[in-house]
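Listed below, chain by chain, are the residues.
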Amino acid sequence: MSKILREFYDTGVEFARTFGAFQLFFMRLLRHSPRILVSRLDLVIKQVFNSGSLSLVIIMVSGLFVGGVLGLQGYSNLARFNAEDAVGVFAAFGLVKELGPVITALLFAGRAGTSLASEIGLMKATDQLSAMEMMAVNPVPRVLVPRFLGGVIAMPFLAAIFSMIGLLGTHLVAVELLSVDVGAFWQQMQITVDIDDINEGIFKSFVFGVAASLIAVWEGYNAIPTAEGVGRATTRTVVITAIAVLVFDFMITALMI
Amino acid sequence: MADLSENLIEIRGLKYSRGPRAIFDDLDLTIKRGEITAIMGPSGTGKTTLLRLITRQLIPELGTIRIDGVDISRLNMAELYQMRQRFGMLFQNGALLTDLSVFENVAFPLREHTKLTNRLIRHVVLTKLHAVGLRGAADMSPAELSGGMARRVALARAMVMDPDILIYDEPFVGLDPISMGVIVRLVRRMNDALGITSIIVSHDVEEISTVADRSFLLSHGKVAASGSPDELRDAPSELVRQFMHGMADGPVAFHFDAPGYEEQLLGRDSE
Ligand SMILES: Nc1ncnc2c1ncn2[C@@H]1O[C@H](COP(=O)(O)OP(=O)(O)O)[C@@H](O)[C@H]1O
Ligand SMILES: [Mg+2]
Numbered sequence: 001m002s003k004i005l006r007e008f009y010d011t012g013v014e015f016a017r018t019f020g021a022f023q024l025f026f027m028r029l030l031r032h033s034p035r036i037l038v039s040r041l042d043l044v045i046k047q048v049f050n051s052g053s054l055s056l057v058i059i060m061v062s063g064l065f066v067g068g069v070l071g072l073q074g075y076s077n078l079a080r081f082n083a084e085d086a087v088g089v090f091a092a093f094g095l096v097k098e099l100g101p102v103i104t105a106l107l108f109a110g111r112a113g114t115s116l117a118s119e120i121g122l123m124k125a126t127d128q129l130s131a132m133e134m135m136a137v138n139p140v141p142r143v144l145v146p147r148f149l150g151g152v153i154a155m156p157f158l159a160a161i162f163s164m165i166g167l168l169g170t171h172l173v174a175v176e177l178l179s180v181d182v183g184a185f186w187q188q189m190q191i192t193v194d195i196d197d198i199n200e201g202i203f204k205s206f207v208f209g210v211a212a213s214l215i216a217v218w219e220g221y222n223a224i225p226t227a228e229g230v231g232r233a234t235t236r237t238v239v240i241t242a243i244a245v246l247v248f249d250f251m252i253t254a255l256m257i
Numbered sequence: 001m002a003d004l005s006e007n008l009i010e011i012r013g014l015k016y017s018r019g020p021r022a023i024f025d026d027l028d029l030t031i032k033r034g035e036i037t038a039i040m041g042p043s044g045t046g047k048t049t050l051l052r053l054i055t056r057q058l059i060p061e062l063g064t065i066r067i068d069g070v071d072i073s074r075l076n077m078a079e080l081y082q083m084r085q086r087f088g089m090l091f092q093n094g095a096l097l098t099d100l101s102v103f104e105n106v107a108f109p110l111r112e113h114t115k116l117t118n119r120l121i122r123h124v125v126l127t128k129l130h131a132v133g134l135r136g137a138a139d140m141s142p143a144e145l146s147g148g149m150a151r152r153v154a155l156a157r158a159m160v161m162d163p164d165i166l167i168y169d170e171p172f173v174g175l176d177p178i179s180m181g182v183i184v185r186l187v188r189r190m191n192d193a194l195g196i197t198s199i200i201v202s203h204d205v206e207e208i209s210t211v212a213d214r215s216f217l218l219s220h221g222k223v224a225a226s227g228s229p230d231e232l233r234d235a236p237s238e239l240v241r242q243f244m245h246g247m248a249d250g251p252v253a254f255h256f257d258a259p260g261y262e263e264q265l266l267g268r269d270s271e
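Protein chains in written order, with the numbering used here: chain D, 1 to 257; chain E, 1 to 271.
One or more hints might be untrue.
[Unchecked claim] Restraint-style ranges between C-beta atoms, simulated for each label pair:
| no. | chain 1 | residue 1 | chain 2 | residue 2 | range |
| --- | --- | --- | --- | --- | --- |
| 1 | E | 58 | D | 254 | 40 to 48 angstroms |
| 2 | E | 73 | D | 256 | 46 to 54 angstroms |
| 3 | E | 127 | D | 224 | 33 to 41 angstroms |
No lab work stands behind these hints, which were simulated from the structure alone. Here a beta-carbon is modelled for each residue, glycine too, at the ideal position from N, C-alpha and C.
Working from the sequences, and respecting the hints, build out all of it.
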């Protein structure tokens, strides 16, 4: 019995320690961020394009199909209330406030996040980070911060692209396929969706961007410097990001309502 | 830097462990200014670890490491980075930055630490690459290089800030005889012409003997023997003779601890 308690205790201590280290790591990234944004903007922009271009295609394709599904579901369910014109509003709320930020963050974790974690893990395993240390260059601001900021900046844009392509998908299904009136489709959306809804979406994708990039960079930087360790870090990146994004989504939604 | 005695690096009473196993236990070692010092020992004795301790990538449990009389454990971050600028280090596998070209790898320290114009950087980088015979590879990416080439690029990068101390971790592994000769001469020439102090880790006894002024043989966490290569070769100690002459039997076990060979093969103890 006491052995089980002992194990629980150890696990708790270990968790608290890791979580503390994680917070300190986050603080370290934040502390260097303003300076890097000003003096090494070139590095940050390179990383925005890097993680953005990695995820762009998969995000566009997914957005189109998710929007299409919303069109089908919205039309068939709203038709029961003779409200099929509202399918545009239905899809817009779903995409802008929920599916856009959440699915984008999940896809980002799978594509850009894994690539960040394995890149940094490999740099560690092949002594590149030590070599930088030896050249008196601190790898935290030089390598980690630009990658972190790149992900944070890219995420809201990717989520916006997801939502826009998604609405296009809904339009194709509802208007072109199921002949909902095109004027009603877009006009109702314009009237009903207001700036607060869009802000909620932007805020969420910003939070998810911080979470996804932070986890990817942390996992890569703390990977055991072997091929196996780097592999494990990439897997953990996806799993932990997915959980974090869904938990944060629930919390933010609860606060906003 | 007031203290210009002939001892550049002094290690005293060093203890360092990985897990329960002490890699170094009460190690004393002195590296003299302007010399080429060889650190030898069977693989796994902690040669790379020692280099990381000297450059404070690792921190000892006990003991002091002084560079120019300054205890490096007392340096703050800024002072540490200033000290590291005096070092050039060649890592065992090159450790080139994979997202930069060969040229940019060599230019990296210059771009990070100086405000030199692009023209000047180009001049310096091409000169260093020429010295290691790889000026033609400037536009290649590190992934396209062989192991030996990568190590030569890394050497060019280590030299580019004109360090006073150059550290080489296994520089000769995987080099063909021609590049080996070139590198050995380069090490010697830099040492003599530029007054650099060099520390070379190697287990290549032949090659290191031609270039080193002084050698240390590490074993079981201590210096087992030291002296000029000739002195080591003629040393009476069993261990030194085994290592210098490459014999499988002796105080250094070739086999990792294992159950009896015959018993294990015949599966006698497996039920
Ligand atoms: N990151 C590490 N974690 C645990 N043990 C390590 C680590 N790095 C090295 N070691 C151990 O320390 C010992 C010395 O390693 P190293 O300094 O690389 O030896 P050498 O360079 O002389 O071959 C080895 O036994 C190795 O297993
Ligand atoms: Mg080694």
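Right, here's what the structure says about each hint:
1. E:58 to D:254: 40 to 48 angstroms: holds (47 angstroms)
2. E:73 to D:256: 46 to 54 angstroms: Since the Cβ atoms of residue 73 of chain E and residue 256 of chain D sit about 51 angstroms apart, the hinted range of 46 to 54 angstroms holds.
3. E:127 to D:224: 33 to 41 angstroms: Given about 39 angstroms between the Cβ atoms, the range holds.
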